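*Asks:* Those protein sequence lines, which keep their order, are chains B and Y. Counting from 28, one number per residue, gives the positions in the first sequence under my numbering. Counting from 15, one number per residue, gives the positions in the second sequence under my numbering.
Simulated from the structure, these hints should not be mistaken for laboratory data. On a predicted model such as this, the values are computed, not experimentally measured, just so you know. For each residue, glycine too, the CB sits at the ideal point set by N, CA and C. There could be a bad hint or two in this list.
Stated by the list, open to error - Estimated spans, in silico, between C-beta atoms of each pair:
#1 Y:E50 / B:R122: 44 to 54 Å
#2 B:Y298 / Y:D22: 43 to 53 Å
#3 B:H56 / Y:F21: 40 to 50 Å
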Amino acid sequence: MNSVWIGNIDPFIRSFDTSNEKILEITSHKKWVSVHPVVLCMISALGLFMRKQGAKINYEKMEATSKHYFHRMGLFELLNLDSEMKITSHESSGRFIPIKQIKNSEDLEDFIKEMIPLLHLEPKKVEPIKYIISELVRNVLEHAFAPDGAIVCAQYYKKSNTLRLGVADTGVGIKNSLQLFYHPRNDLSAIALALTPGVTGTTKKLGGVSEMNAGAGLFFIKSLAKTSRDFLMIYSGSAMYKLLKNPKNRQIKLIADPLKDHYSSDNQLPYWKGTVIAIDLCLDQTIDFKGLLTSIRKVYSDGKKKLIKERYRKPKFI
Amino acid sequence: MIKIKIFDIAGSFAENKDKARDIRINIIIPNLDRKEKIILDFDKVESATQSFIHALISDIIKKRGAGSLNNIFFKNCNEIIKKIIEIVTEYMQDSV
Chain B
28 MNSVWIGNID PFIRSFDTSN EKILEITSHK KWVSVHPVVL CMISALGLFM
78 RKQGAKINYE KMEATSKHYF HRMGLFELLN LDSEMKITSH ESSGRFIPIK
128 QIKNSEDLED FIKEMIPLLH LEPKKVEPIK YIISELVRNV LEHAFAPDGA
178 IVCAQYYKKS NTLRLGVADT GVGIKNSLQL FYHPRNDLSA IALALTPGVT
228 GTTKKLGGVS EMNAGAGLFF IKSLAKTSRD FLMIYSGSAM YKLLKNPKNR
278 QIKLIADPLK DHYSSDNQLP YWKGTVIAID LCLDQTIDFK GLLTSIRKVY
328 SDGKKKLIKE RYRKPKFI
Chain Y
15 MIKIKIFDIA GSFAENKDKA RDIRINIIIP NLDRKEKIIL DFDKVESATQ
65 SFIHALISDI IKKRGAGSLN NIFFKNCNEI IKKIIEIVTE YMQDSV
């Protein structure tokens with residue numbers, strides 16, 4: 028790996044080799060490595076999972092100068108790898124959230140409280156960030172059945188004024204999570220369903236809601252990414268769905284059906300057991316959260332009605 | 015009239031659904047059963063997730079009907095929280 032961001036993550040995922048379940052090989056470019064935090068989440072989640080299965084982690088010592096970044100983000104510590112780096116840790120003022128393993132509701136609550144000061148951002152700008160982290164991690168805790176929980180980390184990039192966030196798990200994956208009630212035909216259909224308002228794996232009633240879920244969380248997050256004209260990537264099983272940046276000259280219109288958005292996808296990727304989500308959030312303009320909620324309200328309601336209507340049976344006149 | 019201070023239980027960012035469910039099951043429902051009116055006071059709560067509000071009230075609307083909203087009052091909600099409550103109450107009534 029060399030440079031991996033959401034925009035160019037496809038070749039990285041395609042090159043992910045799952046043929047040997049006994050060994051996890053972690054290698055990197057000798058001179059230069061620059062990656063989205065989601066990559067660190069993926070390596071961490073996979074490392075924790077494979078080690079539990081009795082696999083060995085072969086880590087090729089990093090030579091690139093950016094190895095210090097990986098160290099500070101806590102990759103080597105989490106996986107208990109000897110990085111051979113001796114770094115004096117300073118007060119976290121680098122505007123990053125190191126890799127964190129979240130296994131339960133209390134961990135998440137503590138994490139949200141602790142992470143915000145690390146970003147050194149104005150309170151208004153952290154609202155969507157808190158919202159996204161809460162919804163994404165709770166999805167893992169409630170639907171993924173991942174023994175290692177959710178692996179999260181983030182980095183704020185001053186030059187682009189963008190927060191890049193990753194969440195990964197090695198749980199059952201979206202398709203299995205929705206299998207009971209929706210029977211998605213493949214991983215891409217499953218991701219599309221999960222992004223559709225009113226679809227949740229906890230109730231069989233289409234467009235219905237359960238005591239704890241309404242199938243709105245991922246739709247909210249997609250809407251946030253779309254409104255800020257940023258990327259959102261979901262990789263689960265053999266499929267990846269990527270919401271592409273909404274062009275600046277194009278009016279933003281929230282759409283219930285994710286397959287009608289400006290997106291790219293691949294349904295034949297190396298199999299990821301679980302789910303990986305990455306999002307970029309440009310903080311140039313404070314998101315009009317209130318306005319966004321008004322739009323979401325309408326699309327959610329219309330989308331749900333459409334979804335229910337699609338399942339209506341028509342009378343057969345003969 | 016029973017007042018529940020959400021901040022005291024869920025903090026300034028109300029996102030913990032388990033806590034929302036606990037409020038619903040242990041405080042709201044028993045008091046509604048006693049024909050009490052409930053005030054959910056969001057004073058000092060800066061933000062809440064849709065998931066939290068859903069876990070807090072959706073099952074009440076689902077099981078007791080939209081009329082249950084006549085006995086639940088939302089106090090000191092900022093604009094964001096108001097919007098989220100509106101979304102949840104609306105889609106729940108669509109689902110009933």
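*Asks:* It remains to establish, for every hint, whether it holds in the given structure.
*Replies:* Structure-based check of all given hints:
no., hint, verdict
1, Y:E50 / B:R122: 44 to 54 Å, "holds (48 Å)"
2, B:Y298 / Y:D22: 43 to 53 Å, "holds (46 Å)"
3, B:H56 / Y:F21: 40 to 50 Å, "holds (49 Å)"
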